[in-house]
Amino acid sequence: MELTNRESWALIHGMVLGALFLLAFGGGMAGLYSLRERYLTVEGVTERTPRLLIGTIVMAVVAWLAVIVGTWVVYPWYRAVPPAGTTDFTTFPKSLLLASPGTADWHNFAMEWKEHVAWFAPFLATAVAFAVAYYGVQLVRRGDVRRAAIVFFVLAFAAAGVAGLFGALITKAAPVV
Amino acid sequence: MSDKAYQDSKPNGPVAAAFVAAGIGCLVLGLLVILNTANIVTGATLDFAKNYGIGSGVGPLSGKVILSTIAFLATWGVLGFLWRGKEVNFGRAFALALIFVALGFAFTFPPIFDLVKPK
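In the order they appear, the protein sequences are chains C and E.
Just so we're on the same page, our numbering is the position in the first sequence counted from 1, plus 22.
Just so we're on the same page, our numbering is the position in the second sequence counted from 1, plus 10.
Since the hints were made in silico from the structure, they are not lab data.
Note that the coordinates shown come from a computational prediction; the quantities given were computed from them, not determined experimentally.
Mixed in with the good hints, there may be bad ones.
[As the list claims (entries may be wrong)] Quick look at which bits of chain C chain E covers, simulated, 3 or more residues with Cβ under 8 angstroms:
id	segment
1	134 to 148
2	164 to 173
[Claimed, not checked] Just so you have them, the derived chain E footprint on chain C, three or more residues with Cβ under 8 angstroms:
id	segment
3	82 to 95
4	151 to 157
[Unchecked claim] Going by beta-carbon spacing under 8 angstroms, a handful of chain E positions derived as facing chain C:
id	residue
5	22
6	66
7	67
8	69
9	71
10	75
11	111
12	119
C-beta atoms are modelled at their ideal positions from N, C-alpha and C, and glycine is treated no differently.
Take the sequences, apply the hints, and build the full model.
In structure tokens:
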């Protein structure tokens, strides 16, 4: 049982960074949603805010790392063009998918959407992290900003979710090996 | 936490700038996908990995994501400067940001950008 260098990077991209982002969403969402004056004492806000700040910053950093690793490390292996005369496309996932009408949409739809929409996650998560960092404990009194942060947080999750889901399914159909 | 720190509220301009900038980043990425698919901006032009040695084999995606990231950071910088220390209409700024994000999502959705693909 061993992983190739390419499989290891694909794992770091999808199962470490991508999964960490998606899993951390629940905690961050709960923190933002419950950050309301009527739910919390001043001490409660003081206790929660640093955790929320760390969580949102980590999520933004992880989102950037996931898309950078995905785009600059894993994606070139996925889209590599096989030499002329190649008949075994096992190590050329994009060509493998496009070789059959039954699998072509894994590239034409799934990969084409995933490779672009994934980049929304770091933009949106960074804005959320900045809002939390900028306001700190005062965020509890800025309902408009807190609600906007929740919406962006959900959109970042949706973008990463589309990318993660299709990434897993594409890897199942044509793994990067 | 002091009561003062809790009660004071900073002007929302810098945060509004970050939200609008994130929307611009998404919109620019979507527009580049549309322009590239329609062959108005060619894949060769967007292949920053090859043209500028930023990575290897990434192709046109490199240009699209680098330009959209620059758009995000530049918009954040400019609006952050213009709106520093100011209380802006946050609802309006956020609505604008949401429209940009929605357009970005639409323009990166293959059934939509395939509509502009040359026959």
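Hints and how they fare:
no.	hint	verdict
1	134 to 148	holds (count 10)
2	164 to 173	holds (count 5)
3	82 to 95	holds (count 3)
4	151 to 157	holds (count 4)
5	22	6 angstroms, holds
6	66	6 angstroms, holds
7	67	3 angstroms, holds
8	69	6 angstroms, holds
9	71	6 angstroms, holds
10	75	5 angstroms, holds
11	111	6 angstroms, holds
12	119	6 angstroms, holds
Violated hints for the displayed structure: none, as all numbered hints are satisfied.
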